[in-house]
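A.B. asks: Below, each chain spelled out in residue letters.
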Amino acid sequence: MFGDYSIGDLGAIFAMQGFAGLILFSVYVLMALGLAIIFGQMGVINMAHGEFMILGAYVTWMTSNAFQHFLPALFPGYFFVAMIFAFIASGSLGMLVEWAMIRRLYKRPLDTLLATWGLSLILQQAYRSVFGAREVGVELPDWMMGSWQATDAIQIPINGMFVMCLTILITLVVAYVLFLSRWGKQVRAVVQNRVMAGAVGINTEKVDRYTFGLGCGIAGVAGSAFTMIGSTGPTAGQLYIVDTFLVVVFGGAASLVGTIASAFTISQAQSTMEFFMSGSMAKVLTLLAIVAILMMRPQGLFALKVRK
Amino acid sequence: MNGVLMSDETEKGLKSPLRRQLLMGMAAIPALAMMPRPSFGAGPATSAVNTTGLAVTDSEVTVGILHSVTGTMAISETGSVQAEKLAIEQINASGGVLGRKIKFIQEDGASDWPTFAEKAKKLLVNDKCAAVMGCWTSASRKAVLPVFEQYNGMLYYPTFYEGLEQSKNVIYTGQEATQQIIAGLDWVNKTKGAKTFYLLGSDYIWPRTSNKIARKHIEGHLQGAKVVGEEYFPLGHTQFNSVINKIKLTKPDVIYAIIVGGSNVAFYKQLKAAGIDMSKQTLLTISVTEDEIDGIGGENIAGAYACMKYFQSLDNANNKAFVSAFKKMWGEKTVIGDVTQAAYLGPWLWKLTVEKAGSFDIDKIAAASPGIEFKGAPEGYVRIHENHHLWSKTRVGRAKADGQYELIYETADLVEPDPFPKGYQ
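So the sequences go chain by chain: P and B.
Okay, so the first sequence: first residue is 1 according to this note's numbering, each after it adds one.
Okay, so the second sequence: first residue is 1 according to this note's numbering, each after it adds one.
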């Protein structure tokens, strides 16, 4: 297939393809981070993850409308404000859900699957009733659209680079919070031994609530960022949920490093294969490979070694 | 159903000894529902125009509306429901059908195909609807088709679709595939000198059948033209950067895109972000109406061409009246896409057919349908073909940043519907 092209053309395409893979990688990490925290640290299977993302997207849409109406001069910067709002909105909803529903189900992890799935249906219909069944278009400031012309032939999407930077930032913050802060130590203590952690004076209920809230909040930020590359509608969250679970399960449920490694593997495999064959075939092969690897390593790429 | 039947029976109940029972408790209601329906005056008029026991009285006729107002398809089907309600209201305002007011029963297909079949059966068997306006996806139409054929109902189906179907019990008010594809390809070949085409689509029957027809036409009928790529993506796919790079590498004259749903939004946003300039790169789509642009954002798709039969911006008296009536009923901000307009045709075509046949009977309507003309259609004059599809014009529009299409080209004559095109299968 490359016979007819010049070396320069091919070089440019491979450079852009490399970036396409990295952008996909960032998207996967951003999608999966919130779920990995909730699933990995709490053992809760949050099927409503996609809906928390879409809440973030709707908040972004409302913020953009508000800025257009009241503060048109500040419109170019609205996205940063929107992401903060998205974090707060999804995080608070997450804490509310944890308080009302999830905390009653900690001893029945499989039931959380059903309960959060029900929650996802409720949220979808709520979005439909509030925002209408049609998709909404989120308007972006001009500087975030288009591409950066690296050379004559190489164009890198600006929103892709934005997602990449955001992912790196959020990953660093999460890593700091979980591994270096006092609160992170409490979270990990609760994960390893809830009773003992309670006995040494950690308020386990509070830790649970904030962990769930943090995971949902990050989902909200991800949803906010994805308004740049995807659609915002009541059921748009469903588009992400399968890939998200794939990344988390493949990486090993309890490991943040695993999530990142798995996102990298899947995204590179996917984007390379998509280049050489049709999109549907690439997806089939990716899924087959994941199934095969999970059969050999059911615990995922990186499993946390804990005494059962 | 309850809302409708109950009101009849409550009225009767209030005058009868049953009133007490009704007041005594809700328990009486199921019992009421089991009683035979009160027979309305069997006047000669009704018995003459309704010989098969449809829900037609001296003053009213009942039709069904069957679309998804919940679930993933609600996004697309909302416009159709709105258009059908508008048409019914307008017909009632102008005197109804054969002197009878149209009453509608709306059911929700809930984006689930078995539910569509179940609700279709309910509308035909319990409610005895004289006609049903409904369905959007081919999957839902395929699910209800056996029901309509078994219980002899009449379905007015609004969506452009892949063809390869024809039924006595369905009137297809949208375009079948050849009506939407061939004229558009001829136009882009002639005016843009396009020789190389890159075909893209979501991975299900409509895009695949349509691209098959497009490929046959490009390779067989356009001089020196060829297809340089053809690709499908799972429904809901959101990452298009790899294929966009492939497009950049092959540099086709035309990107021919049939991507649907949420993928649509992702595709156009990423195309724009990747620096593909639609004023230099021709893109022709048959899956993006004004409705979809709402979600995509006009600035992301401005400059792309769409091949449809209707655009909201069409400049004719019918359409101006239609657009202003639609906005008055459903709000200034609503947009009207191709399918919404086709849905609007359903009730009107049915009314005209009933009046020509002088009867509500399904068999007579099916027989009277070919040749029915609707001069008041927003898209302009349409006529029903022998094969129950519509003769209609094919049009090409260019998307503008405000979310509307600007009409660039339309066929001089009506294009004949051909659901089983020879040489294209």
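Check each hint, because a few of them may be wrong.
Below, simulated EDC-like cross-link-like pairs (lysine to aspartate or glutamate); rule was C-alpha separation at most 20 angstroms, straight line [as the list claims (entries may be wrong)]:
no. : chain 1 : residue 1 : chain 2 : residue 2
1   : B       : Lys400    : P       : Asp142
2   : B       : Lys400    : P       : Glu139
3   : B       : Lys251    : P       : Asp9
4   : B       : Lys280    : B       : Asp315
5   : B       : Lys216    : B       : Glu230
6   : B       : Lys85     : B       : Asp108
7   : B       : Lys226    : B       : Glu165
8   : P       : Lys283    : B       : Asp203
9   : B       : Lys246    : B       : Asp186
10  : B       : Lys251    : P       : Asp142
11  : B       : Lys190    : B       : Asp112
12  : B       : Lys328    : B       : Glu89
13  : B       : Lys246    : P       : Asp142
14  : B       : Lys168    : B       : Glu373
15  : B       : Lys246    : P       : Asp9
16  : B       : Lys280    : P       : Glu205
17  : B       : Lys320    : B       : Glu60
18  : P       : Lys283    : B       : Glu416
19  : B       : Lys320    : B       : Asp186
20  : B       : Lys333    : P       : Asp9
21  : B       : Lys101    : B       : Glu60
22  : B       : Lys122    : B       : Glu89
23  : B       : Lys400    : B       : Glu386
24  : B       : Lys280    : P       : Asp9
No wet-lab data here; the hints were simulated from the structure.
A.B. asks: If a hint holds in the structure, say so; if it does not, say that too.
C.D. replies: Here is how each hint holds up against the structure:
1. Simply put, B/Lys400 and P/Asp142 have alpha-carbon atoms about 17 angstroms apart, close enough for the 20 angstroms limit, and the pair holds.
2. Between B/Lys400 and P/Glu139, the direct Cα distance comes to roughly 15 angstroms. Compliance with the 20 angstroms bound is thereby established for this hinted pair.
3. Simply put, B/Lys251 and P/Asp9 have alpha-carbon atoms about 11 angstroms apart, close enough for the 20 angstroms limit, and the pair holds.
4. At roughly 27 angstroms between alpha-carbon atoms, B/Lys280 and B/Asp315 are farther apart than 20 angstroms, so this suggested pair is violated.
5. In summary, the hint linking B/Lys216 to B/Glu230 is supported, as the alpha carbons are separated by about 13 angstroms, within the 20 angstroms threshold.
6. Taking the CA atoms of B/Lys85 and B/Asp108, the gap is near 14 angstroms; set against the 20 angstroms cutoff, the hint holds.
7. Note on B/Lys226 and B/Glu165: the hinted pairing is violated, with a Cα-Cα distance of about 29 angstroms set against a maximum of 20 angstroms.
8. Distance check on the hinted pair: P/Lys283 and B/Asp203 sit about 12 angstroms apart at the alpha-carbon level, within 20 angstroms; holds.
9. A threshold of 20 angstroms between alpha carbons decides the hint, and for B/Lys246 with B/Asp186 the separation of about 25 angstroms lies outside it, so the pair is violated.
10. Taking the CA atoms of B/Lys251 and P/Asp142, the gap is about 27 angstroms. The hint is violated against a cut of 20 angstroms.
11. Distance restraint check for B/Lys190 and B/Asp112: the Cα-Cα separation of roughly 42 angstroms exceeds the 20 angstroms cut-off, and the hinted pair is therefore not satisfied.
12. For a cut-off of 20 angstroms, the pair hint linking B/Lys328 to B/Glu89 stands: about 13 angstroms separates their Cα positions.
13. In summary, the hint linking B/Lys246 to P/Asp142 is not supported, as the alpha carbons are separated by about 26 angstroms, beyond the 20 angstroms threshold.
14. Restraint check: the Cα-Cα separation between B/Lys168 and B/Glu373 comes to about 18 angstroms, which is no more than 20 angstroms; the hinted pair holds.
15. Only pairs whose Cα atoms come within 20 angstroms are accepted, and B/Lys246 paired with P/Asp9 is accepted, the gap being roughly 11 angstroms.
16. With a C-alpha separation of about 59 angstroms, the suggested pair B/Lys280 and P/Glu205 falls outside the 20 angstroms cut-off, and the hint is violated.
17. The hinted pair formed by B/Lys320 and B/Glu60 fails the criterion: a straight-line CA distance of about 30 angstroms is larger than 20 angstroms.
18. Only pairs whose Cα atoms come within 20 angstroms are accepted, and P/Lys283 paired with B/Glu416 is rejected, the gap being roughly 39 angstroms.
19. For a cut-off of 20 angstroms, the pair hint linking B/Lys320 to B/Asp186 is broken: about 29 angstroms separates their Cα positions.
20. Restraint check: the Cα-Cα separation between B/Lys333 and P/Asp9 comes to about 45 angstroms, which exceeds 20 angstroms; the hinted pair is violated.
21. As the CA atoms of B/Lys101 and B/Glu60 are separated by approximately 5 angstroms, the hinted pair is consistent with the 20 angstroms bound.
22. With a C-alpha separation of about 23 angstroms, the suggested pairing of B/Lys122 with B/Glu89 is violated against the 20 angstroms cut-off.
23. Restraint check for B/Lys400 and B/Glu386: the C-alpha separation of about 37 angstroms exceeds 20 angstroms, so the hint is violated.
24. A hinted pair counts as satisfied when its Cα atoms are at most 20 angstroms apart, and B/Lys280 with P/Asp9 qualifies at roughly 19 angstroms.
Hint check: violations occur at hints 4, 7, 9, 10, 11, 13, 16, 17, 18, 19, 20, 22, 23; the rest are consistent with the structure.
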